[in-house]
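Visitor: One line per chain: the protein sequences are Y and G, in this order.
All letters in the first sequence, in the order written, are residues 1 to 91 by the working numbering.
All letters in the second sequence, in the order written, are residues 1 to 392 by the working numbering.
Please keep in mind that the hints were generated in silico from the structure rather than gathered at the bench.
Please read all numbers here as calculations on a predicted model, not as lab measurements.
A portion of the hints provided could be inaccurate.
[To be verified] Some chain G residues well away from chain Y (every beta-carbon gap over 12 Å; in silico):
#1 Arg100
#2 Lys197
#3 Thr207
#4 Phe211
#5 Asn215
#6 Glu219
#7 Asn233
#8 Ser273
#9 Asp280
#10 Gly337
#11 Gly356
#12 Ala375
[Unchecked claim] DSS-like cross-link-like pairs, simulated, lysine-lysine; straight-line CA separation at most 25 Å:
#13 G:Lys230 / G:Lys197
#14 G:Lys2 / Y:Lys15
#15 Y:Lys15 / G:Lys366
[What the hints assert, rightly or not] Between beta-carbon pairs, the in silico distance windows are:
#16 Y:Thr29 / G:Val210: 50 to 56 Å
#17 G:Gly247 / Y:Lys5: 43 to 49 Å
#18 G:Lys240 / Y:Pro11: 16 to 22 Å
#19 Y:Lys82 / G:Pro115: 56 to 62 Å
#20 Y:Tyr49 / G:Glu204: 31 to 37 Å
#21 G:Ile225 / Y:Pro19: 26 to 32 Å
#22 Y:Ser61 / G:Pro30: 51 to 57 Å
#23 Y:Tyr66 / G:Lys221: 42 to 48 Å
Glycine included, each C-beta is placed from N, C-alpha and C at the ideal position.
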Amino acid sequence: MSGLKSWREIPIGCKTTSPGSTVRIKTGTWRDFRPVVNWEKCTKCMLCYIYCPDGTIFPESSYVDYDHCKGCGICAKECPVKVITMVEEVI
Amino acid sequence: MKTERLPLPTNYAVAYAAKSCDVDVVAAYPITPQSDIVERIAQFIADGELNAEYIPVESEHSALSACIGASAAGARAFTATCSQGLALMHECLFIASGCRLPIVMCVSCRTLSTPINIHTDYQDSMSSRDCGWVQIYVSSAQEGYDSVIQGYKLAELDEILIPVMVCYDGYVLSHTYEPVIVHSDKDVLAFAPKNVKRVLNPDEPVTLGVFCLPNYEYEFKYQLIDALSKVPNALKIVDKEFGEYFGRSYGLYECYRMDDAEYVLATMGAVASTARVAIDELRQEGLKVGLFRPRLFRPCPSDEWRDILSKFELVTVIDRSISFGSVAGPLLFEILGVFMNERERPMFTNFIAGIGGRDVTVNDIKSMFRRSLEAYREKRSVRSCEYYGVRW
């Protein structure tokens, strides 16, 4: 816990004063399975983009934000052409 | 200073206090025996005596949520509830104190289902005692009126910013008419001018009630612990100023005939009023008993309680609620807790009484005290807690 602020140094009332702080919290570390996409076979139908609860998969730019993807697997389940595989994370 | 002496039950008295504090937003859902607080406030607004936004919400969960939003936007917010309503608010209680919003809420205490019963005991407010709110238990309509005004002044102090719950026995206090001195709106507002910070402000945007991980949760909670620790002193000052301004003050607790007492009866709210009579009668029999009535229950003013009670050998605590599965009642535990680090402490006896609105009479209190005294004189150990008056 070194380098973190003390209770005296944080704003009272559980508030954040700078916008966009969620981007800095890397919730992707919670992931057990990683969606791996075969972008060559992807039809860009955008269903994964629509269903992703965290907004972390972007077919148009062939990109997955692994810093924030929690590995729920909804994209793989919804993909109509089955080009997304859930691969176990190994530390 | 312009004052009026009106016959008011505690529910109306606190409504007058909220009106005179010029509350901006009132959000509430009717529940017996609380309803006529907000009915009266609705009347004040309809008659043009109070300029406030009245939000008739669909549940108590929404009532406190609306007050949380209003308070964060800089409004002086008021609500009232009891029993199932307070239970339904439970998660929002933590949000209000966690976001450090100076809301004042009145609770006309009523037991909790099941069985369903509209009468009084402190089961509702005691079940909410760990939510980070200030809890003040009053024992008259006048004290209820005064405590709402003191409550806003206390809650809105820059170093406090904690919501305040003013608790009193449903029906026994909420519906019983008493003479109450009511001050002009101008005088009340001069004593307790509005000091609600506008946390939600488009010019300085913030996110309130943020997501937090284990690395910061504890620190946010500790901020509340620290602020609560300042409440006893702050309330002492507010109460003293109130006394200088309006001529009435209460302190953090009431001591009745304690100066020359040998034994102590400790209880809160309406039962404490009956206990005063019981104590007068016991004294006629030569038993030197005094009353200790905590007014500020949470945060517990531990140093003050210890200083007062450590002089005595026997303290009889009457609880008006049950801590199910525990070895005694909530008031007993709070008092016992202040002796945690003391090698010598009084002997404590604990009685649970007045559950579900059952009367606690003068004779009941005398009888509880006598049983306690008997155990003390015979130097025998007593059951940790006696469920007084339950039929066998």
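Visitor: Look at each hint and say if it fits the structure.
Guide: Hint-by-hint comparison with the structure:
1. Arg100: violated (4 Å)
2. Lys197: violated (9 Å)
3. Thr207: violated (5 Å)
4. Phe211: Violated, because the least Cβ-Cβ distance between Phe211 (chain G) and chain Y comes to about 7 Å, which does not exceed 12 Å.
5. Asn215: Label violated. Min Cβ-Cβ 6 Å, cutoff 12 Å.
6. Glu219: Not fine: 4 Å to the nearest Cβ puts Glu219 (chain G) too close to chain Y.
7. Asn233: Asn233 (chain G) is indeed farther than 12 Å from all Cβ atoms of chain Y, at 19 Å.
8. Ser273: holds (38 Å)
9. Asp280: holds (47 Å)
10. Gly337: holds (23 Å)
11. Gly356: holds (38 Å)
12. Ala375: holds (45 Å)
13. G:Lys230 / G:Lys197: This hinted pair holds, its Cα atoms lying about 19 Å apart.
14. G:Lys2 / Y:Lys15: violated (43 Å)
15. Y:Lys15 / G:Lys366: Measuring from Cα to Cα gives roughly 52 Å; hence the hint is violated.
16. Y:Thr29 / G:Val210: 50 to 56 Å: violated (19 Å)
17. G:Gly247 / Y:Lys5: 43 to 49 Å: Once the Cβ atoms are compared, 46 Å apart, the range 43 to 49 Å for Lys5 (chain Y) and Gly247 (chain G) holds.
18. G:Lys240 / Y:Pro11: 16 to 22 Å: Violated, since Lys240 (chain G) and Pro11 (chain Y) (Cβ atoms, about 31 Å apart) do not stay within the stated range.
19. Y:Lys82 / G:Pro115: 56 to 62 Å: Taking Cβ atoms as reference, Lys82 (chain Y) and Pro115 (chain G) lie about 57 Å apart, which means the hint holds.
20. Y:Tyr49 / G:Glu204: 31 to 37 Å: holds (34 Å)
21. G:Ile225 / Y:Pro19: 26 to 32 Å: holds (29 Å)
22. Y:Ser61 / G:Pro30: 51 to 57 Å: holds (55 Å)
23. Y:Tyr66 / G:Lys221: 42 to 48 Å: violated (32 Å)
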